[in-house]
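Below are the chains, spelled out letter by letter.
Number of protein chains: 2
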Amino acid sequence: MRTSIATVCLSGTLEEKMHAAAAAGFDGIEVFEQDLVVSPSSPEEIRELAAQLGLSLDLYQPFRDADAVGPELFAANLRRAEAKFQLMNRLGTDTMLVCSNVGTAEIDDDEVVAGQLRELGELAARYGVRLAYEALAWGRFVDDFEHAQRIVDLADHPSVGTCLDSFHILSRAWDPAPIEGIAAEKIFFVQLADAPLLSMDVLSWSRHHRVFPGEGDFDMVGFMTHLVRAGYDGPVSLEIFNDAFRQADVNRTAVDGLRSLRWLEDQTRRALDGEPVRDTLGLQALPAVEEPAGYDFVEIRTGRLGETTRLLHQLGFALGGHHQSKENVQLWVQGPVRIVVNDDVPDGSPTEIAALGFEVADPDAAIDRATRLAALPVPRSQGPGEQVLRGVFAPDGTEVFFCGRPADGVPAWLGEFGADEESHDAALVTGVDHINMAQPWQHYDEAVLFYTSVLALAAQPSQDVPGPSGLVRSQVMRSASGAVRMPLNVAPAAAEQGSFVGAAYPEHVALYCTDVFAAARRARRRGLDFLPVPQNYYEDLDARFDLDDEFVASLQELNLLYDRDADGEFLHFYTGTLGTVFFEVVERRGGYAGFGAPNAPVRLAAQYRRSQAEHRARTEA
Amino acid sequence: MRTSIATVCLSGTLEEKMHAAAAAGFDGIEVFEQDLVVSPSSPEEIRELAAQLGLSLDLYQPFRDADAVGPELFAANLRRAEAKFQLMNRLGTDTMLVCSNVGTAEIDDDEVVAGQLRELGELAARYGVRLAYEALAWGRFVDDFEHAQRIVDLADHPSVGTCLDSFHILSRAWDPAPIEGIAAEKIFFVQLADAPLLSMDVLSWSRHHRVFPGEGDFDMVGFMTHLVRAGYDGPVSLEIFNDAFRQADVNRTAVDGLRSLRWLEDQTRRALDGEPVRDTLGLQALPAVEEPAGYDFVEIRTGRLGETTRLLHQLGFALGGHHQSKENVQLWVQGPVRIVVNDDVPDGSPTEIAALGFEVADPDAAIDRATRLAALPVPRSQGPGEQVLRGVFAPDGTEVFFCGRPADGVPAWLGEFGADEESHDAALVTGVDHINMAQPWQHYDEAVLFYTSVLALAAQPSQDVPGPSGLVRSQVMRSASGAVRMPLNVAPAAAEQGSFVGAAYPEHVALYCTDVFAAARRARRRGLDFLPVPQNYYEDLDARFDLDDEFVASLQELNLLYDRDADGEFLHFYTGTLGTVFFEVVERRGGYAGFGAPNAPVRLAAQYRRSQAEHRARTEA
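Chains as they are written, first to last, in my numbering: chain H, 9 to 629; chain G, 9 to 629.
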């Protein structure tokens, strides 16, 4: 599949965009007119740079408000178009996007519009240029791709074809199936954009909220299958107007975009499997990845080993051993939960979640798939005879490792810690319930696509949690079985109120147990610093749920929080935060499938108070 | 007018919110339940703190989904409500907001709903509590204040009244005039929120985009006049759900909120002038302020005096003198344009726009009005016999001075620079056309209200300008006469691409002249560092406007940009940037009233390229 990206998707200068697109692995780009207009590079220099970078210049765009106008304005439009055709000859690009008229359309007559497109096409042909006519979702008279196609058919000129844009079609909920009836040679170009389903005017939605395929709610795979069935064989190009992408690092966005096309290609190839259709796009499938069966390990990196291991012991973990060749790496275990503590960092470095190990059926296939999805491999050394662990960096910098699932449930790498004999009997904690990861806000969509495409997790509906420094967006990524659940949290971008935001927003590991009271009592005996829960919370809990007084008292005694829904109950407590990491211990009763979201504001407020108090203490000291 | 604010408008802890509300000068607050639930302070402690701070606790909110339910759920709701009544007794607050049911409503029968409100009211009365029933704009069966009022009338209980919220009424475009027909003693509470007109679902609009009165598009003054005519005499309270306010510094937001009420009070008082209505709210008018007649001076602060004065000279300014008592303060003049250059800062400090002087009819009234609008006065010293200049800080920290307009057009303070004799004859620059100020994104709405309320400028429709580091929001504030025009620019909050964002986003002074070619030629002779304009721009200009080749060549020779609309033409050039300041020189032909917005991306791209090149140079050095 030939991949392309419109320069408007990317931040920076035209030259920076081109370098980034080439580095990510795109085959070509669409040149967005304004990017060229503001550039000091001549069209010839851009052509030369594209050649050096191995990029084709697939489209020049946009040409607006050409059609459905009176004769005088149309004459001016022809003149305007001719200047652009000359420019395109200098650039060496042969396809121009012509948008259905939004601003100046006066004549709602398909014959007139077709006649004008034909005349424009005749002029274009003299310069070897093709016109791809596109129905904008908010076009004055033409806002529907089938209507645009009827006009293209009426124009009946070899230089006049259609451009299909998934956003303009799916945002209006037009049925994309009729794409299959369009003659392939008349589809001059295809642009792709996904988007979250939002109830707002379509122009604002389009201009600010498009995302890469796989990051939104549209059926992009279905859209692609129609194109293949139509016999389309041209470039598949991303055209995303997104406020965050416009600010984000250009190289990261380009990688994110290419990943979205590789993922979409793979999904489309699979969707078409068994169907007797000629694959005109040359779709490549990626190695299949099964969803992870669970967490193999969590690695915490810390320059404060003592307080970290004390916390683990308070939660019931036992020291499982020290790594045979890696100094400063120790293993803490409880039941099937394994936490690697790595203090191979300068003393005092803040405690953080450095790596997650996921149990997958075929680690080699998983790493192959991930790297073909443009994920950056983690460099890692092994001693002789040691297990080879392979992983990639997630968008937030966390290392994601793919670990095989051994038949006996005990990973081979445990031997490297001399931890081959495990007893699960005394463990109150019996698993990892979920892991909350903080995401930089510019890379939220990228993170969703990363976990979707690399680990086959699915995005659940997101929600906003109010905190003292702003709203925190919470987006759960989940494997179909539920064995892996990762709420992604996006903290306020640039809060002024309090220091508890952005990079300081803490991440946490939630541990599953079947008796949270026992786990909390053990933790208390061992001196755990619980995150305090206010009295007002328990009074409100009682008002909301009509609970037994003794039960509420037992919750309060141990700083336990409580939630209930139609399916069951959720009891949990939080520890204080070390660096950017804290722990949660949860017990689920019945079929409760949530994460105690109503209690998140209590946690945020308590963490904020501590953060403010620490800040004051530092300031006064 | 008794002023109040819901704690949900403010960031931080409940205690921080209360301190901020009191410091800003509010009379009371609404306690948002969740703020109390997450607080370690008991209701009694909050009551005590409120008393210490002189704040009344005007409302406890919200109580949701009480009505229109079956008997079993209603019984549970009564129990839930009673717990809250008890809590309110401890808090010492006597009014509870009851929202029309959104989530659990089953019975669409006004008699049933009224009966349930009556029963709830009967229970409330036992605790001395009043219920203010509010129609949410997205209520299941009750979404209209007149419907809510009919139910309140049906309930016919002294403890059951109504709460009127401007957002819920105006967002649905309900006619607010029938408010005047509601019995005053039945209006238990009034909440105010303004909002920009957005085409999105009303729930998202309400939860994320409310703003303080005067910062949006609703007719808040009209709304208030209906309340006065109804005879309402209770608190007027702000209830704003806004993503930016949730992150912003709590004290600033509180001041912004109080300013909005003082402004609204003044506007309402004026709107009612001459009307024979009993002013039950006790509305206070502020000193009137006429819109400014123009700019008296611009003050630039710089630690790089040489490059600053060189630039001014290149633009045609002449040294007008040095201040008689303030060392390091000099005056540069050209025609009626006066630029004060203050280098009383450490050597090398970046160049910035420090202050703006506005010509107003009555400076004393203006400063009185501004300080009563909670603007912070600028401390400033005068020597004996020197003019007293008084000003306040704008939200971005710029000093705003109010200067009288002398009869002969020459400000008295010029004498302090020994600059009593001015010749305007040689000046090519004949005025300040506009001044672009960068705004921190969290304080954009605050800035709009500041300039609206303090200087009687009006917000024009805003637009987004694409730049290499993200979209820049541009919002013109303008006096009715057009003599003062200030585009406010909000740069991307946290861009990763390039350093040209946030605090580094430059501001500029646009100078008006009648012959921009002559001004540009003089500047070139004097060696001005023009912001370069690419060749591609001129080719595109030609394609768009069909200009005379010679004219385009003359533009290009001098790095001039061009725009045209139905009313006239706009020619302009930009200088390079010193610190965060650059200059623009503009010529307007015909009735062109814009700011060359189509050329802004050219400027942003050129400034970005320079910023990137400087960054590279620094990094390599």
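Check the hints yourself; a few may be wrong.
It does not matter which identical chain is meant; a pair holds if it fits inside one copy or across any two.
In silico SDA-like pairs for lysine to any residue, Cα to Cα no more than 25 Å straight-line [said to hold, decoys possible]:
| no. | residue 1 | residue 2 |
| --- | --- | --- |
| 1 | K92 | A551 |
| 2 | K92 | D550 |
| 3 | K92 | P606 |
| 4 | K92 | D571 |
| 5 | K92 | S562 |
| 6 | K92 | Q564 |
| 7 | K194 | E90 |
| 8 | K92 | R572 |
| 9 | K194 | A434 |
| 10 | K194 | D257 |
| 11 | K334 | S562 |
| 12 | K334 | L566 |
| 13 | K92 | F559 |
Calculated from the structure, these hints are not laboratory results.
Here is how each hint holds up against the structure:
1. K92 <-> A551: So K92 and A551 pass the 25 Å test across copies only (8 Å; inside, 69 Å).
2. K92 <-> D550: Only across copies: K92 and D550 sit 11 Å apart there, 71 Å inside one copy, limit 25 Å.
3. K92 <-> P606: between (57 Å within a copy, 18 Å between copies)
4. K92 <-> D571: So K92 and D571 pass the 25 Å test across copies only (19 Å; inside, 63 Å).
5. K92 <-> S562: Between copies only: 22 Å across, 76 Å inside.
6. K92 <-> Q564: Cα proximity of K92 and Q564: across copies only (20 Å, versus 72 Å in one copy).
7. K194 <-> E90: Intra 22 Å, inter 70 Å, cutoff 25 Å: intra-copy only.
8. K92 <-> R572: This pair counts as between: shortest inter-copy Cα distance 20 Å, intra-copy 63 Å.
9. K194 <-> A434: The answer is neither: 69 Å in one copy and 64 Å across copies each exceed 25 Å.
10. K194 <-> D257: This pair counts as neither: shortest intra-copy Cα distance 36 Å, inter-copy 57 Å.
11. K334 <-> S562: neither (44 Å within a copy, 70 Å between copies)
12. K334 <-> L566: So K334 and L566 fail the 25 Å test inside a copy (38 Å) and across (65 Å) alike.
13. K92 <-> F559: Between. Shortest inter-copy distance 20 Å satisfies the 25 Å Cα cut-off; intra-copy 76 Å does not.
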